[in-house]
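Here the protein sequences line up with chains A and B, keeping their order. No gaps in the numbering here: position 98 of the first sequence is 135 in the numbering used here, and each next residue is one more. No gaps in the numbering here: position 118 of the second sequence is 155 in the numbering used here, and each next residue is one more.
Think of the hints as simulated: they come from the structure by calculation, not from any bench. Worth double-checking, as some hints may not be accurate.
Taking CB as the label site, the calculated pair distances span [what the hints assert, rightly or not]:
no., chain 1, residue 1, chain 2, residue 2, range
1, A, Arg-138, B, Pro-59, 20 to 26 Å
2, B, Arg-42, A, Ala-61, 41 to 47 Å
3, A, Gly-157, B, Thr-63, 36 to 42 Å
4, A, Cys-136, B, Glu-67, 32 to 38 Å
5, A, Arg-96, B, Arg-42, 22 to 28 Å
6, B, Trp-141, A, Gly-97, 19 to 25 Å
7, B, Ala-71, A, Leu-146, 30 to 36 Å
Owing to the predicted nature of the structure, the values given are computational and were not obtained by experimental measurement. The C-beta atom is built at its ideal place from N, Cα and C for all residues, glycine as well.
Each chain, letter by letter, is given below.
Protein chains: 2
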Amino acid sequence: MQLTRAADYGARVMIHFAGLEPGARTSLPEIARAVQVPEHFLSKVLQMLSKRGLIQSHRGASGGFELAADAASVTLLDVIEAFEGPIQLNVCLGERGSCCRKSWCPAHLVWAEAQEALVGVLRGASIAALAGSVQRTA
Amino acid sequence: MQLTRAADYGARVMIHFAGLEPGARTSLPEIARAVQVPEHFLSKVLQMLSKRGLIQSHRGASGGFELAADAASVTLLDVIEAFEGPIQLNVCLGERGSCCRKSWCPAHLVWAEAQEALVGVLRGASIAALAGSVQRTA
Numbered sequence: 038m039q040l041t042r043a044a045d046y047g048a049r050v051m052i053h054f055a056g057l058e059p060g061a062r063t064s065l066p067e068i069a070r071a072v073q074v075p076e077h078f079l080s081k082v083l084q085m086l087s088k089r090g091l092i093q094s095h096r097g098a099s100g101g102f103e104l105a106a107d108a109a110s111v112t113l114l115d116v117i118e119a120f121e122g123p124i125q126l127n128v129c130l131g132e133r134g135s136c137c138r139k140s141w142c143p144a145h146l147v148w149a150e151a152q153e154a155l156v157g158v159l160r161g162a163s164i165a166a167l168a169g170s171v172q173r174t175a
Numbered sequence: 038m039q040l041t042r043a044a045d046y047g048a049r050v051m052i053h054f055a056g057l058e059p060g061a062r063t064s065l066p067e068i069a070r071a072v073q074v075p076e077h078f079l080s081k082v083l084q085m086l087s088k089r090g091l092i093q094s095h096r097g098a099s100g101g102f103e104l105a106a107d108a109a110s111v112t113l114l115d116v117i118e119a120f121e122g123p124i125q126l127n128v129c130l131g132e133r134g135s136c137c138r139k140s141w142c143p144a145h146l147v148w149a150e151a152q153e154a155l156v157g158v159l160r161g162a163s164i165a166a167l168a169g170s171v172q173r174t175a
């Protein structure tokens with residue numbers, strides 16, 4: 038029950054983007070340096086963020102990567118789910134792969150409550166707010 | 038980021054034990070029926086719970102499995118950790134495999150808060166209380 042390395046790196050990248058001037062474009066090596074992620078892994082992370090519409094890549098001389106979403110409305114939950122799909126602490130909490138014990142199983146209620154507690158914290162953390170806190174401590 | 042099937046089954050087993058009379062012994066087939074887990078998988082789950090000191094197995098005619106711990110003090114967190122080790126939502130939250138960004142990374146604080154929210158719910162759910170809630174609805 039652990040965040041994947043890709044999702045962790047994705048969060049670093051998105052917080053980095055949220056700290057740049059709006060519309061700023063940046064290159065793979067610059068991002069790699071800033072977020073301390075090897076370029077070969079980072080390019081996969083950027084590809085996934087781009088596929089999910091969170092960043093945009095531009096080719097050419099003035100190309101690079103830029104944020105494609107409003108930093109104040111993108112949360113850590115959005116970033117994690119971009120990589121891992123909806124958080125599902127236990128199989129019984131999904132719409133598919135349900136469980137016949139669900140209606141009476143007392144553990145099911147605790148899994149649901151634990152998941153909501155986890156998701157609530159991640160949903161409350163926008164990348165804009167997190168980038169702001171880096172800048173204040175820098 | 039999902040609970041293993043073994044930990045889920047372990048929780049079912051422990052709640053089942055917590056609902057039995059103190060000192061009651063029960064057999065593998067009986068447990069399998071009650072918790073709706075295939076016997077071959079269940080025997081591995083029971084082995085792990087036994088190894089962690091949560092249940093005891095006895096051989097012989099009056100043998101079987103019984104709870105080895107006080108149901109009121111065993112929580113869902115204890116059961117999960119018996120199977121998966123300490124919950125560590127992200128690698129940076131562990132004592133080992135630490136991260137050089139930890140002291141200033143704003144995401145680190147959110148991972149820690151999210152983990153505490155999750156762990157807090159699981160720590161608050163004793164198997165005795167959960168077994169009680171099954172009996173009340175039965």
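Now the hints, each set against the structure:
1. A/Arg-138 to B/Pro-59: 20 to 26 Å: 25 Å, holds
2. B/Arg-42 to A/Ala-61: 41 to 47 Å: 45 Å, holds
3. A/Gly-157 to B/Thr-63: 36 to 42 Å: 38 Å, holds
4. A/Cys-136 to B/Glu-67: 32 to 38 Å: 21 Å, violated
5. A/Arg-96 to B/Arg-42: 22 to 28 Å: Check failed, 45 Å falls outside 22 to 28 Å.
6. B/Trp-141 to A/Gly-97: 19 to 25 Å: 35 Å, violated
7. B/Ala-71 to A/Leu-146: 30 to 36 Å: With Cβ atoms ~19 Å apart, the hint is violated.
Of the hints listed earlier, those the structure fails to meet are numbers 4, 5, 6 and 7, in rising order.
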